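Following the hints, complete the assembly by docking chain B onto the known chain A.
Sequence lines, in order, name chains A and B. Be aware that the first sequence starts at 1, since it is given in full-length UniProt numbering, and climbs by one per residue. Be aware that the second sequence starts at 1, since it is given in full-length UniProt numbering, and climbs by one per residue.
Hints listed in this document are in silico derivations from the structure and should not be mistaken for laboratory results. Careful: at least some of the hints might be erroneous.
All copies of an identical chain are treated as equivalent in the list; a pair is satisfied when it fits inside any one copy or across any two copies.
To be verified - Calculated cross-link-like contacts (lysine to aspartate or glutamate; reagent style DMTMM-like; alpha-carbon spacing at most 25 Å):
1) K343 with D230
2) K235 with D302
3) K41 with D230
4) K343 with D229
5) K281 with D347
6) K235 with D310
Computed from a predicted model, the values in this text were never measured in an experiment.
Number of protein chains: 2
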Amino acid sequence: MQLIATPESMFFADALPLQSGASLRGYDLSFETYGQLNASKTNAVLVCHALNASHHVAGSYAGQAHSEGWWDNMIGPGKPLDTEKFFVIGVNNLGSCFGSTGPMHLNPDTGQVYGADFPVVTVEDWVNAQARLLDALGIQTLAAVMGGSLGGMQTLSWTLQYPNRVRHALVIASAPNLTAENIAFNEVARRAIVTDPDFHGGHFYQHGTVPKRGLRIARMIGHITYLSDDVMNEKFGRQLRDAVLAQARDASGSLDVGSYKYSTQDVEFQIESYLRYQGDKFAEYFDANTYLLITRALDYFDPARAYGGDLSLALGRASAKFLLVSFTTDWRFSPKRSREIVKALLDNKRDVSYAEIDAPHGHDAFLLDDPRYMGVVRSYFESISDELEGQP
Amino acid sequence: MQLIATPESMFFADALPLQSGASLRGYDLSFETYGQLNASKTNAVLVCHALNASHHVAGSYAGQAHSEGWWDNMIGPGKPLDTEKFFVIGVNNLGSCFGSTGPMHLNPDTGQVYGADFPVVTVEDWVNAQARLLDALGIQTLAAVMGGSLGGMQTLSWTLQYPNRVRHALVIASAPNLTAENIAFNEVARRAIVTDPDFHGGHFYQHGTVPKRGLRIARMIGHITYLSDDVMNEKFGRQLRDAVLAQARDASGSLDVGSYKYSTQDVEFQIESYLRYQGDKFAEYFDANTYLLITRALDYFDPARAYGGDLSLALGRASAKFLLVSFTTDWRFSPKRSREIVKALLDNKRDVSYAEIDAPHGHDAFLLDDPRYMGVVRSYFESISDELEGQP
Numbered sequence: 001m002q003l004i005a006t007p008e009s010m011f012f013a014d015a016l017p018l019q020s021g022a023s024l025r026g027y028d029l030s031f032e033t034y035g036q037l038n039a040s041k042t043n044a045v046l047v048c049h050a051l052n053a054s055h056h057v058a059g060s061y062a063g064q065a066h067s068e069g070w071w072d073n074m075i076g077p078g079k080p081l082d083t084e085k086f087f088v089i090g091v092n093n094l095g096s097c098f099g100s101t102g103p104m105h106l107n108p109d110t111g112q113v114y115g116a117d118f119p120v121v122t123v124e125d126w127v128n129a130q131a132r133l134l135d136a137l138g139i140q141t142l143a144a145v146m147g148g149s150l151g152g153m154q155t156l157s158w159t160l161q162y163p164n165r166v167r168h169a170l171v172i173a174s175a176p177n178l179t180a181e182n183i184a185f186n187e188v189a190r191r192a193i194v195t196d197p198d199f200h201g202g203h204f205y206q207h208g209t210v211p212k213r214g215l216r217i218a219r220m221i222g223h224i225t226y227l228s229d230d231v232m233n234e235k236f237g238r239q240l241r242d243a244v245l246a247q248a249r250d251a252s253g254s255l256d257v258g259s260y261k262y263s264t265q266d267v268e269f270q271i272e273s274y275l276r277y278q279g280d281k282f283a284e285y286f287d288a289n290t291y292l293l294i295t296r297a298l299d300y301f302d303p304a305r306a307y308g309g310d311l312s313l314a315l316g317r318a319s320a321k322f323l324l325v326s327f328t329t330d331w332r333f334s335p336k337r338s339r340e341i342v343k344a345l346l347d348n349k350r351d352v353s354y355a356e357i358d359a360p361h362g363h364d365a366f367l368l369d370d371p372r373y374m375g376v377v378r379s380y381f382e383s384i385s386d387e388l389e390g391q392p
Numbered sequence: 001m002q003l004i005a006t007p008e009s010m011f012f013a014d015a016l017p018l019q020s021g022a023s024l025r026g027y028d029l030s031f032e033t034y035g036q037l038n039a040s041k042t043n044a045v046l047v048c049h050a051l052n053a054s055h056h057v058a059g060s061y062a063g064q065a066h067s068e069g070w071w072d073n074m075i076g077p078g079k080p081l082d083t084e085k086f087f088v089i090g091v092n093n094l095g096s097c098f099g100s101t102g103p104m105h106l107n108p109d110t111g112q113v114y115g116a117d118f119p120v121v122t123v124e125d126w127v128n129a130q131a132r133l134l135d136a137l138g139i140q141t142l143a144a145v146m147g148g149s150l151g152g153m154q155t156l157s158w159t160l161q162y163p164n165r166v167r168h169a170l171v172i173a174s175a176p177n178l179t180a181e182n183i184a185f186n187e188v189a190r191r192a193i194v195t196d197p198d199f200h201g202g203h204f205y206q207h208g209t210v211p212k213r214g215l216r217i218a219r220m221i222g223h224i225t226y227l228s229d230d231v232m233n234e235k236f237g238r239q240l241r242d243a244v245l246a247q248a249r250d251a252s253g254s255l256d257v258g259s260y261k262y263s264t265q266d267v268e269f270q271i272e273s274y275l276r277y278q279g280d281k282f283a284e285y286f287d288a289n290t291y292l293l294i295t296r297a298l299d300y301f302d303p304a305r306a307y308g309g310d311l312s313l314a315l316g317r318a319s320a321k322f323l324l325v326s327f328t329t330d331w332r333f334s335p336k337r338s339r340e341i342v343k344a345l346l347d348n349k350r351d352v353s354y355a356e357i358d359a360p361h362g363h364d365a366f367l368l369d370d371p372r373y374m375g376v377v378r379s380y381f382e383s384i385s386d387e388l389e390g391q392p
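If we strip away everything but chain A, and leave its shape as in the complex, we get (with noise of 0.2 Å):
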């Protein structure tokens, strides 16, 4: 059976205040919703996106082909987040360029596009946010959040902020904060953005320009962190492009491998050119400002900073059972820092689940089709299940 996916969107008068101390006016949430929601609207599940996803979590738009939701392969009828039994939500974060208010819409105080005035927001912001539609949706508890990577660190934000909304929490791929060398990477990328000439300070829709330069060496930087050194390797290794391979092939088609030429500017590796069509194509549709933005929720997201550093204690207030799951060769977010979680939460004697999943692709595997992972999603969503047929 075919999912067939309908975008939503809703406006939202109250003020928002953020974490920052600043507040957003008026605003609008674009969601998806898939499956029925139950008459004791109890079968509810929200899942959060990452940094360059959306609303668009399942299902395809009636009539375009290639449409698919980006967790499409985890998430419909028949699959391991069923719908035909849960009632699954897709929100679309501030501050995102997918729908949801954000950096390319119009400042009501200014009446001018946000650019880069669009204010900070947070992991917990997008919670509160999130929180709100469920509100206006008239869901009280949801039977599970779940989300990878970023979405991740939203699904636990979610166990802390609303301890009682929520029953289960599914935190894949994530981490309880960034490491230095992931803030790293996000600075660096920031910087290509920022110091692109066509940024222009962040306003740089007023200029009719995009700095793509900048776009696309940040997506380059983040292909090489999603991915694992062995995949890479095995996908690319140091194969030369078959141009390349062409010109230095002799007349008798045998590889003179002395005779290709040498550039220090030209793509010669097929591991460049797969990074340059990844850069390229992110530059086409991804937001400047929505980047920087959203790669400063992932640093500033460490719900331990407020009890010194100590994520048990942090954890302390999250009431909902667990599910973790990480993957071997994911080296961004890496199986020690699930653990990190998985330990805070025994200390506090939480229910939890952790599977530490075999897989060579890296931080991507969380969007893969991994048949373990898949199975492991599929049996906690089936025991949900049962605890809701079970309840009154």
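Using the frame of chain A, we list chain B on its own:
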């Protein structure tokens, strides 16, 4: 005893044929020597440099404070490579921006600065140029060649290009070629440089500009890969800058963690401040075309390519004795890569020593003072010295 270094330069009138098929007409090599060449000319050690270093390997320049060579902790009187016993030579590679002929020099064919027209040079080309310098110095056989990182690649290449001229090879924190991930990081750095509007296709000298934005990004990426995740966390962690914290302190001086300023473009974390500083410093002195050339030399190096990827076949020509050293937290040139070289040499029944040093500093460790590392190199050179004294 303080070692005083004196830079020298030598002109080579004969054209140097390059691996690309091009050749370099009349060129200069900058170099320094330390210690005394013995009567039999058997105690010479060539030290090869990596990406941003030079011929100024050891000692200081007379009257210049803080002018120590880049490997001054390793090389000098009484140091692991003891200049009381060995005659040590540092050479600046072609294409560099520190004295030897490079993109900033005049192209004799055109009378213009080379810029982007400087021919692509490879590790093999550098070794050929170094061999000509040794010819000029009257040195037929080297007691040892030594280098770290890209310098280790030159060392390895010496044993293949001039097997009869090298008795010992010290290959430190190196690899038989770059992985796809290594190439990917180089490619992002290069894209940052060549897409900087001040690059002008590599002919920025004529435009009176310097592509500093690109150089800064390149260096920031480099620095992340030189350090280990652990050492970054230890040095910087998630610490906010003092100024940010000061602002967040309330009247009583206690920290209100919720109230520091939130910003997408300011420097908030100490790691950011460190990276920006490193990037700014580098952009002041390093040449953009040199950066492209040297990273390309890294990408292209692959002695096994001509042997269908079989490193054991490729290293069959080497007859030197080897010391390989790697560092446990080096993820740029990991111990696994050094072990590939060790294995290939053992397949050829070569004399190989290998030390895997448990050091926290990542790739940078090869420049630092780890006592076990220093001890291993010291003993190795002592045994070379004993060999020299034992010979006729």
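I'd like to know which numbered hints this structure contradicts. Please list them from smallest to largest. Violated hints: 3 and 5; rest satisfied.
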